[in-house]
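> Letter by letter, the chains look like this.
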Amino acid sequence: MFYRENGQFKTSYRSDQQVFPILQDKWAMLGLLVVAFVLVPMVASDYVYLALLIAFIILSLAALGLNLLVGYCGQISLGSAAFMATGAYITYNVVTRLPGTPLVLAMVVGGLAAMLAGLVFGIPSLRIKGLYLAVATLAAQFFSDWVFARVGWFTNYAPSGAVSVPPLHAFGLPVIEPWQKYLFCLTVVLILGVLAKNLVRGHIGRSWMAIRDMDVAAEVIGIRPMYAKLTAFAVSSFYIGIAGAMWGLIHLGSWEPLAFDITRSLNLLFMIIIGGMGSIMGSFFGAAFIVILPILLNQVPQALGIPISVATATHLEFMIFGALIVLFLVLEPHGLARLWSIGKEKMRLWPFPH
Amino acid sequence: MGFFVEVVIGGLMAGVLYSLVALGFVLIFKASGVFNFAQGAMVLFAALSMARLSQWLPQWLGFESLFLANVLAFIISAALMYVVAVLVERLVLRPLVNQDGIIALMATLGITYFLDGFGQTVWGSNIYRIDLGISKDPLIILESVFEGGVLVNRDDILAAFMAVVLVSVLAIFFQKTATGRALRAVADDHQAAQSIGIPLNRIWVIVWAVAGFTALVAGMVWGSKLGVQFSLATLALKALPVVILGGFTSIPGAIIGGLIIGVGEKLAELYLGPIIGGGLENWFAYALALVFLLVRPQGLFGERIIDRV
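Listed in order, the protein sequences are those of chains P and G. So the first sequence is numbered by our numbering: it starts at 1 and just counts up by one. So the second sequence is numbered by our numbering: it starts at 1 and just counts up by one.
Don't take every hint at face value.
Stated by the list, open to error - Every beta carbon over 10 Å from chain G, so not counted as near; a handful from chain P, in silico:
1. Q8
2. V34
3. M42
4. A158
5. S160
6. G305
7. L324
8. I325
As the list claims (entries may be wrong) - Facing chain P, from chain G, some residues (calculated, C-beta under 8 Å):
9. F3
10. V7
11. L91
12. N98
13. I102
14. I111
15. S125
16. W283
Because the hints were derived from the structure by calculation, they are not lab data. Everything numeric in this text was worked out from a predicted model, so none of it was measured. Where a beta carbon is used, it is the ideal one built from N, C-alpha and C, also for glycine.
Model the full structure from these sequences, guided by the hints.
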């Protein structure tokens, strides 16, 4: 009843092409931003920040990056954690070896390094696709596991291979307390999210989608597959690298190579399958889902008084993830994002569905 | 020189295990075009059920014989793998028919997670042993050729023997039986096979069951060598580079690819390891596969891919 675009006439191409053409959407988004930037910091406890919000925000960014590659360009990647690791370790090295480098600059350097790695491992995508590419990206995963564990330079010759980060500052403000970390991550993700949204609406995003839908046809209409695929790899790895830098330096603080193993890669892939492939919003839904589900699985049986061991909870989590993946692929291949847009469609017509 | 031969033999033995897992991949890929990421999870699941049943059955039924326990556990595990195959076909493959290869791959990722979680919930998640009743003393062979002879583990010989038996059984099954012929027909051309009345759904069940059976054999051999634990599933991922190397559609390719990778990574560890740091084994296979993908994407024995990008 309230969600109607009646009377909102578009009088210019500009207004027709905006990101949120419906006024209510715009207000809802503004409201969401106010909640995220003002209301949440007023009420959230440290536990909520550390266990939920920061992890959710950073993983959303990583999922968004992966979605650009898998969902928009149709190139599968099982090695996204490798690019997260690249971002994290390079940023760590910049921060510790060149003290005084602004944090944001260090993160950009980390992101660019991840981008380079993504380009290198994306080269096979020019010759192979689909299933073969999955193995090529697995190579990235296992190679990065090895490099970051074995090559001392990356970990600053830490004896156990675990690194820890000094207190961080960005723009002269400390990023130490949970709420400061939260606001910093939120800002970064907001900027990169808006950028991604515009990227996929524009020329480059369309060329990715054309490649995804049918590469031969895309080539025929004048899209260079090499350029499109490599840009998708580059942009996606940059995003994932930035997310990795934030995950390592801001969320974890200190970590060992296992923090970025293949489980993380698969987790990211699950996020975009459940959230919705080829949807910016879906990345956020998926990340939220995957962050919240394990916590729910731990809390709900406890609250109900059912004793459940940690190991069983982990195994249950595995089973539920697995079942959900198959369920989503079978029932709703476009994920939660599609459910959301179906809901919105229903809202527009409610209460007169005809 | 004796040491070199020992390393090569060790590599070949590891390669046999990779081949066994890769065999399952190839079977499923040929028959249904599905890239089965879950093969590793199937190995783990089968090995867990084998290990636990062979331990539980004597207690439940009150007998002592290790042989009987192993045989019974093997039969029940094989039956379980058949059930898994039926369920996979019903719940996953049938609804996803005609979808992209990538979608099917992701679905098998889901199966992987489900099987990993389910297996460990039902069977437990500690490290278990499969005792096939082979002594652990190594054999020393070829003493006349090399000084000091060459050390070979008995269970490695058993593994190789079982692999040979399995491959021969599969070869006979594929060449001589009606079902095998139907499977080959489906592998050649789905539509043509369907048009002459071969029921695709039933074929998929059979091929997944056969893959489950090879997973059981692989899991049994591997479990008796290294113990059954979760890392088996990750180790089994190495079958992916093996099938890349050998070609997705070639059974001999899976075997030879497995042997090459097994020997290659052991030799790389031996000669390259000291130069660039140990632990090469974890990624060497993938890097080799990557190079192969760039040079010869269809693998050593695969069918030429006409599908150009």
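> Confirm or reject each hint.
Structure-based check of each hint:
no. : hint : verdict
1   : Q8   : holds (37 Å)
2   : V34  : holds (37 Å)
3   : M42  : holds (38 Å)
4   : A158 : holds (16 Å)
5   : S160 : holds (15 Å)
6   : G305 : holds (20 Å)
7   : L324 : violated (7 Å)
8   : I325 : violated (3 Å)
9   : F3   : violated (24 Å)
10  : V7   : violated (20 Å)
11  : L91  : holds (7 Å)
12  : N98  : violated (13 Å)
13  : I102 : holds (5 Å)
14  : I111 : holds (6 Å)
15  : S125 : holds (6 Å)
16  : W283 : holds (4 Å)
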